[in-house]
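Q: Sequence:
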Amino acid sequence: MNSFTKVVGSAARRACNASNLLYRPASSVSAATRFANISSSSSLFRSAARNQLKSFSTTSLLMRSGENDQTLLQTLAEEIKYEKEEIAEQGEAEFVKSFIEKTGFKITDTPGLSDVTLDKEFGNEKINVRFTINDISNMESDVPNVEVFDENQDPNAEPTKLGDNQHRVEDEASEFYVNLILTITKPNSPTLQFNLIAEEGEIGINQMQFFNDPKDALQQSPESDYSRRTAYLGPVFGQLSDDLKEGIDQFLEDRGIDTGLSMFVQDYIEFKEQKEYLRWLEQFNSFSKA
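Count along the sequence shown from 1, add 12, and you get the number used in the working numbering.
Hints are not guaranteed to be accurate.
Listed below are the simulated DSBU-like cross-link pairs for lysine-lysine, each with C-alpha atoms no more than 35 Å apart in a straight line [to be verified]:
#1 Lys257 x Lys96
#2 Lys287 x Lys132
#3 Lys227 x Lys96
#4 Lys138 x Lys257
#5 Lys301 x Lys198
Computed Cβ-Cβ distance ranges for the label pairs, DEER-style [to be verified]:
#6 Ile119 x Phe222: 40 to 50 Å
#7 Thr144 x Leu256: 25 to 35 Å
#8 Thr87 x Glu235: 37 to 47 Å
If you are wondering where the hints come from, they were derived from the structure by calculation, not from laboratory data.
Where a beta carbon is used, it is the ideal one built from N, C-alpha and C, also for glycine.
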């Protein structure tokens with residue numbers, strides 16, 4: 013995967029900045045305690061309340077409501093400028109072109125939507141991979157304990173677990189796993205669907221199940237969602253025989269569900285997330301100016 017350029021977006025930078033907000037110390041005196049100390053029988057309190065009511069007007073409220081808007085607009089302008097410079101510095105997404113040329117996948121990516129799909133044909137099969145950029149919020153500590161396969165791994169080695177310490181990278185701010193929905197259809201056959209997890213060049217198999225109607229596997233509708241939730245999830249992959257697991261692993265690798273796909277998906281999520289963040293900033297800016 014050295015040929016795929018790692019795209020590091022601004023998501024990690026924003027995540028680090030967010031940590032400073034999460035641990036901001038709260039006041040030692042709660043609002044309930046402060047208000048409890050005010051006696052409702054206090055004449056001073058009642059007098060102050062009456063004066064506040066007399067001075068209240070909808071006009072003054074409207075004037076105060078936008079007094080900080082200019083500061084907000086300035087902040088938005090600075091952030092938009094920074095993000096545009098970051099994207100311009102990265103240039104064209106060469107790693108995307110390289111992936112398409114090597115794998116034959118077609119990418120469907122609609123601006124403003126979180127879902128991305130990859131499609132290609134393999135013989136008489138149609139392969140569909142779906143993932144969402146919202147998975148960038150998944151932290152490594154939340155990775156399910158599922159077995160993974162790695163075509164470069166010693167076949168005699170113990171099964172690897174996603175999230176093991178030896179697979180953690182130094183840049184913790186960019187660590188996240190991705191849920192992949194792989195659907196394979198072909199004529200006169202049940203539809204096969206895998207629930208996979210991609211992390212740092214590995215593919216973990218969570219479950220695999222079959223549907224008689226391909227619409228139940230592919231369509232995003234209440235009926236199809238109900239069919240997926242009520243269908244038999246299939247056996248636990250880790251409990252299958254070693255020969256069967258190896259056969260399924262090879263089945264996936266032959267169709268391009270491998271290390272290259274895992275790394276590409278994580279890179280693409282960071283790439284798209286930065287573009288979507290810029291789009292969000294511009295929409296916020298337009299809203300604030302209106």
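Q: Now look at each hint and say whether the structure bears it out.
A: So, going through the hints one by one against the coordinates:
{"no.": "1", "hint": "Lys257 x Lys96", "result": "violated, 46 Å"}
{"no.": "2", "hint": "Lys287 x Lys132", "result": "holds, 25 Å"}
{"no.": "3", "hint": "Lys227 x Lys96", "result": "violated, 40 Å"}
{"no.": "4", "hint": "Lys138 x Lys257", "result": "holds, 22 Å"}
{"no.": "5", "hint": "Lys301 x Lys198", "result": "violated, 52 Å"}
{"no.": "6", "hint": "Ile119 x Phe222: 40 to 50 Å", "result": "violated, 27 Å"}
{"no.": "7", "hint": "Thr144 x Leu256: 25 to 35 Å", "result": "holds, 30 Å"}
{"no.": "8", "hint": "Thr87 x Glu235: 37 to 47 Å", "result": "holds, 45 Å"}
This entry does not satisfy hints 1, 3, 5 and 6, going by the numbered hints stated previously.
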